[in-house]
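Just so you know, the sequences run in chain order R and A. By our numbering, the letter at position 284 of the first sequence is numbered 278, and the numbering carries on one by one without gaps. By our numbering, the letter at position 495 of the second sequence is numbered 524, and the numbering carries on one by one without gaps.
These are calculated hints, taken from the structure and not from any lab test. What you were told as hints is all true, and nothing was included just to trick you.
Quick list of the computed label-pair ranges, beta carbon to beta carbon:
(1) Asn187(R) with Gly401(A): 35 to 41 angstroms
(2) Phe157(R) with Val531(A): 27 to 33 angstroms
(3) Asn195(R) with Phe386(A): 29 to 35 angstroms
Over 10 angstroms on every C-beta distance to chain A, these chain R residues come out as not near it, computed from the model:
(4) Val39
(5) Tyr111
(6) Leu150
(7) Val215
(8) Arg233
(9) Phe234
(10) Thr237
(11) Gly327
Note that beta-carbon positions come from the ideal geometry of N, C-alpha and C, so glycine has one too.
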Amino acid sequence: MTTATTTATSALAQDSGRRLENVLPKSGWITLGVCLLVFCVSVPVLNSLPLSSALHLPDYLVTLFGKFLCFAIVAIAMDLLWGYAGILSLGHGVFFAIGGYAMGMYLMRTIGSAGVYRSNLPDFMVFLDWKELPWFWKPFDNFAFALIAVVAVPGLLAYAFGFLAFRSRIRGVYFSIITQALTFALMLLFFRNETGLGGNNGLTDFKQIYGYRIQDQSTKVGLYVLSALGMLCAFLLARFVTTSKAGRVLRSIRDEESRIMFLGYDPTRFKLFVYTLSAVICGVAGALYVPQVGIINPSELQPSNSIEMAIWVAVGGRGSLIGAPLGAFVVNGAKSWFTVALPEFWLYILGVLFVAVTLFFPQGLVGAVKRGLPRDKLAALLSRVRK
Amino acid sequence: MRHWVFAVLFACVAWLASPRDASAEELTELTRGLMATDDATVEKVVLSISQRTEPAALHTLSALLDGNLRVDAAGHPFLNVAGKLQPILANGPKEPQGKLATPSVDNRLRRSLEPVIASMKLSSPDRSIRLAAAEDLAKRRSDDLAPLLRKAQAKEQDSTVRSAITLALAQIDLAGSDKALRLAAISAMQESGDGQYKPDLDRLLTKDETGKFREPDESVRRAAAAALSRIESRMFLYGMVGNVFYGLSLGSVLLLAALGLAITFGLMRVINMAHGELLMIGAYATYSVQRLFEQHFPAQQDLYLIFAIPAAFAASATVGYLIERSVLRFLYGRPLETLLATWGISLILIQTVRLIFGAQNVTVANPSWLAGGVPLLPGFVLTYSRVAVILFSAVVVAFVWFTLQKTPLGLHVRAVTQNRQMAAGMGIPTRRVDSWTFAIGSGVAGLGGVALSQLGNVGPELGQGYIVDSFMVVVLGGVGKLAGTLAGAFGLGMVNKLLEPVAGAVLGKIAILGFIILFIQRRPQGIFALKGRSAEVA
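All chains, full assembly: derive it from the sequences and hints.
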């Protein structure tokens, strides 16, 4: 890993001594502090209010917000890759799912013999009549190992895949399609019972995490707070990368890769670095997601899920680290509401969202707010259509 | 007695107006004897029927064995087929006369009937009946028929029937004790190369609990091992022939799916994620045309497919044209956004089709001239619909080739594909070329939909399954060359089907993806690349 990313990391290191102001202006730090307060304090407090109170936040909303925060982390990872390096991966669902599976395997092992079959093996293995734990399951008894796997497995996969892809200068739509094919292939792999990860039922029926009962509301609030902290950390990390010298190189790669190559930079290393980093962040998001929803199965690997991740970023605003999580909140909030209220129209809305955002709001919500609603542009487009 | 029969026959002649024959009359009399109550008489009658050579005699006894024989008051045999009566005598009365009765058959009679019928079949003058009987006997071991089979084998003139009888005997001989006969049996099985004898031969080579071979004779074991390897290689060969055919068939489906995509991608460098939905629209257009014929022209039902081809082309081409004019037009130079926008369009199309046709799959019936197939080898049927899809894809390729190479539009398409700016400078209306090309590429996808509708069910998600594979074809084949798409499609189809039996469907797919990624390392522009001097790759 070190050889290929030396340039990228040294570009990061050169200005690691810079002041915090470079990462965020003073007002930014203040806003971040307010966000921290809103996310990490207000929600648990509102949730702990008595049921009779008008301000009481129902339990299910805490879990829902926790889920959205995980999606927001994914959106930041996507934005880092797509918004800043111009690489559209349609396979980030893979890293999200792998992180989730790594956490899920640990959670399965902590069930112990409290499962339906009272066996020391996970239920699905008893069901498949397996006698022994497969070798790759064994270390997942250890929480620390699971945490390392959450980061390392997506990172290694992204590094290997990205190495092959970027080295042969696969870029643009080719890269998008290849990553989609990877997602599709891995989905098929995870669907198989023989893969040893629960087949199409996946991993579920978790009982506890690190000694805390997973059904307890306090555990859920704790996981929510962890997700919120995770999102803020992902934001700061992404902010650190994008404001560094390496971030500038990445943006030049996005805008004019050939020129940056002729200037003596090796775009492959920078791309590989940011792709791997993005995958690792996605894996962490998956690991935070699984204990909150209580299940991980291969449907997370459906290609459509990975494409939806791109629309979160597009709606919020590419190239803006505030826009990406905002987009994740808006799109998933709309999804939660519409799939209940008007289920048959959700696909229409999602489809129109894809088309409208790309046609009329290429900078997403953030861009729209920055420049006011682009009335003149809309009018120009309309007149072109009429012609 | 005679007079009575004559009276009946005259009655028959009155409304049949066909010459009666003496054999039918005798058989009728014998059949009446089957109704006798004592077993000895019945058995005697069965024996006398079995001596007769006419087909009706055999039919009567087979019906008796199956419990489907009905005899009317005059003794005319009838066959009961699912509650309906069919006369067994060709020249006999069409309707039973008088009360109908069912002769009783007990197990003893049934046991004695089986060899009698087998021997009648084996000595039938009709070659197809003899062959069917011998093949039937070869399927299961029937020791008590051995003498009968040996007699038939000696008498048989036709080589196909004789080898079938030999095989039937081989199973009996193999279990016997005569070493020469057993070796001959093994060689007969080896000759046949048929997989059904594998368990018999396998058993000879297994060991029992004490570690000794179940078969003590070493020469028999050696012969069995040789026969086994021959049979296995023959089965492998047949499997390969089947896989090559399925590979060709899958390749042509992929070709039809990827052809339009390769054209539009080559021209505009945008990925149309709604391409799979254009396939789906073509398939639903086929379904609609079929429904139209069902309701308005049921007599010409079989012709619907002919009309479905232009209808599907037109439907998909129209949708494609509208997509280009309304969305893609405004996204030039932004390929990644185009990808997302077309994905959105695909969601809208899927949901629209769901609202119109319902979320359930619909079935498009093959027209009668495409139903069925020819059994070519044991375990492998050449289905007409698959052959038709292969031929159809060849026709579509010819159509696309003609359009690209021999029409003014094709000339413009090739020019814009090679160098858009230069083509525009030469006065080619690139934007109009884009629209028309997109429409044609979408129409070709619609044609692919027609083919898919003939191979399986049609549902709103039909296209989703093909999008990844078609892009793999384009990535593998490279853009701008028809030959590349051809090579990519058939290469992928073949590799897929040949890997499937070895690695399983899923691991095969993963292996192919790995192969494509490694392949791109060596040739980033696909198998056939257009030559150019641009620093930008793809």
